[in-house]
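Student: Sequence:
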Amino acid sequence: MSISIAYTTGYLLRRTSLSEQITLPILGGIVGIIVANMPSALIPAPGTAQGTIASYVSNSLEMSVPTIIGAYDLVMVSTSLILGLFAAGLLRRTLNRSIDRGVRLFLIGLGSLVAFSSGGSQVGLATGPLEPLFESLLQLPGTILLSFGAIGILLGAWMGSPRILQAVARDYSSLGVLRSIAALIPAFIIAQTAIILGYPISFNNIILWSIIGSGLTEGTESISVRKTSYTVAIWLLTLFGAGVTGFILYRIFAVIL
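My numbering puts the first residue of the sequence shown at 3, with every later residue one more than the last.
Since the hints were derived computationally from the structure, they do not count as laboratory data.
Do not take every clue at face value.
[Said to hold, decoys possible] Label-pair ranges, simulated between beta-carbon atoms:
| id | residue 1 | residue 2 | range |
| --- | --- | --- | --- |
| 1 | L109 | L156 | 21 to 27 Å |
| 2 | N206 | S62 | 20 to 26 Å |
| 3 | I32 | L239 | 17 to 23 Å |
| 4 | S231 | L87 | 28 to 34 Å |
| 5 | R103 | I45 | 29 to 35 Å |
| 6 | E64 | G248 | 30 to 36 Å |
| 7 | G200 | N98 | 39 to 45 Å |
In this text, all values refer to a predicted model and were calculated from it rather than measured experimentally.
Virtual Cβ for every residue (Gly too), placed ideally from N, Cα, C.
Input sequences plus hints: build the corresponding full structure.
Tutor: Structure below.
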């Protein structure tokens, strides 16, 4: 899915008569709508641990309005559309002043949102197996566990990210500014959708296939087939290896303990 979204986005940015002043504000509007519905523990919400900008506005107005899907009401829809239109208008205004500046600012903002989404997904995946230990046995709140996970992600980024950064930016496909936007759009959309629905996903898988999809807009010669094939093989190997290792370790611990 990510590869098709990235290819479509890259095609619209590079291969059609639509200019950046038309395509990028549309993408910015989509990002704005998603941001309005991003769950966050910093946003108060009655009856739940995380709220969204859209739900906060709806709860603050305390209006009796019809619901669209489930608890998603008309005020939340309106808030999402308003934030999307605001983001699109702001980006369009910036692009009218300077296309290069507008493209770079959008790329920086989008990259920050993707990094934010990745952090939430990766910390949840890494610390999820420890949650029963912290809450049931140690009786500590989950925020402490997440804090340890966040510190671990930060230290890991300092020590291990430079090589991965080089691989992502150069080894699979040579990325330019527009290709980078085309790669980040599906990563952000899919990651946030999975977080909202509560499904753990492989962010590495999403971002790499998005990079490949954006590179395909320039033809297969811009893609490193050898590197991609090795990566897919390693993914399959680690999937099988992790399952077997986890099963063996569980059986050993069951016998010892």
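Student: Kindly indicate which numbered hints from before are broken by the structure, ordering the numbers from low to high.
Tutor: Those not satisfied are hints 2, 3, 4, 6.
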